[in-house]
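S.K.: Here's the letter readout for the chains.
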Amino acid sequence: NAGVTQTPKFQVLKTGQSMTLQCAQDMNHNSMYWYRQDPGMGLRLIYYSASEGTTDKGEVPNGYNVSRLNKREFSLRLESAAPSQTSVYFCAGLSAGTDTQYFGPGTRLTVL
Amino acid sequence: GESVGLHLPTLSVQEGDNSIINCAYSNSASDYFIWYKQESGKGPQFIIDIRSNMDKRQGQRVTVLLNKTVKHLSLQIAATQPGDSAVYFCADFTGNQFYFGTGTSLTVIP
Numbered sequence: 001n002a003g004v005t006q007t008p009k010f011q012v013l014k015t016g017q018s019m020t021l022q023c024a025q026d027m028n029h030n031s032m033y034w035y036r037q038d039p040g041m042g043l044r045l046i047y048y049s050a051s052e053g054t055t056d057k058g059e060v061p062n063g064y065n066v067s068r069l070n071k072r073e074f075s076l077r078l079e080s081a082a083p084s085q086t087s088v089y090f091c092a093g094l095s096a097g098t099d100t101q102y103f104g105p106g107t108r109l110t111v112l
Numbered sequence: 001g002e003s004v005g006l007h008l009p010t011l012s013v014q015e016g017d018n019s020i021i022n023c024a025y026s027n028s029a030s031d032y033f034i035w036y037k038q039e040s041g042k043g044p045q046f047i048i049d050i051r052s053n054m055d056k057r058q059g060q061r062v063t064v065l066l067n068k069t070v071k072h073l074s075l076q077i078a079a080t081q082p083g084d085s086a087v088y089f090c091a092d093f094t095g096n097q098f099y100f101g102t103g104t105s106l107t108v109i110p
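Chains A and B, in that order, are what the protein sequence lines are. For the first sequence, this note's numbering assigns the number 1 to the initial residue and increments by one for each residue that follows. For the second sequence, this note's numbering assigns the number 1 to the initial residue and increments by one for each residue that follows.
Think of the hints as simulated: they come from the structure by calculation, not from any bench. Fair warning: this is a prediction, and the values are worked out from it, not measured in the lab. Yeah, the Cβ is synthetic: ideal placement off N, Cα and C, and Gly gets one too. Mixed in with the good hints, there may be bad ones.
[As the list claims (entries may be wrong)] Among the chain B residues that face chain A by a calculated CB cut under 10 Å, a handful are:
1. 36
2. 41
3. 46
Excised from the complex, chain B in its bound form (with noise of 0.2 Å):
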């Protein structure tokens, strides 16, 4: 079946550093891929999403690399900050239905 994974489960950056949290999937089939951030407490919330027909897509201080090849994509967050720590999960849309990663908890040291 579909399964999309993180690399690590948590990760810690300096405050001002850039961020890269990795994500792998399954389904070659796959053609969209969504980046969700869930602070504690609260639901997912949209990052950036991109499309199977583009390799790297920017947002404000984000961007989103997909790797088809090997069937990896990443985020990068520029410039961390202590509002970016929350736990961030790569999604990937099949179907009629959306498979999640088990996420990656940033923690920003000030």
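Next up, chain A with everything else stripped away, as it sits in the complex (with noise of 0.2 Å):
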């Protein structure tokens, strides 16, 4: 049981470069998550998807785009990469009826 698992753990991009970063869950979660954490700022949702073939913008969605690809698989897409979007990116699955978040361990990027 891995739980929330992201790759890459890190990444260094050039500005207009393209990206997906992965996510996949063990967890059987319904609901899946995206986050980007910079200094200085809270957690900042960027998309979510409440089930498997749904997905909805959070807070910072410009930029980004995400696939629910099943139920275990969320993948967030940076088509043209730009600096602003130097972040750690987290995934998140929500475990249905106890609303508690689990965390993969967060992929680190660089965009120059």
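Both chains are sitting in their own frames, so use the hints and assemble them into the complex.
M.R.: Below, the structure written as structure tokens:
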């Protein structure tokens, strides 16, 4: 039981490059979330998926797209990376019934 | 919009003392609150939660207090240990989203 896993752990991109951050969970969560964490700020929600096949925007969705591929996987895509997207990205799954979120270890992204 | 804030960005305590970390929230309709611990280089980890129909909840060495009148919650850690050094976040769950505070960095002095 790995919980919530994220790949890659670290990534450096040049401005304009694209990439996909992967997230997978084996905890049977219905809801999954993508956050970004910046110094001096709390976690901010980018997108979430309340169930397989649905996605919704969070507080800071601009510049990102998501795909809920199946119940286990929720990916975050940057089509054209910008320096403002330099951040640590966390994926989380929500345990139904308890409302407890479980976070992955994070992806540290630097855009030059 | 929704906002959640922590009162102090940093807190230092002596090992063995009790720690109190405070948090304020803005949405009076929030009905579920959570405290997370985040160690360096790791994702946030659930510590304890409380629903709005309660004003106190205890876990192992941790207690959360909720004051709905002033929209304030606190996390108390008893007999603080070096392993408690981390950043602590409060969050509230409103609608289908979590709203996080900015975090208090707790340092335990041996």
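S.K.: With reference to the structure, classify each hint as holding or not holding.
M.R.: Hints, one by one, checked against the model:
no., hint, result
1, 36, "holds (8 Å)"
2, 41, "holds (8 Å)"
3, 46, "holds (5 Å)"
Against the hints set out earlier in the document, no violation occurs for any number.
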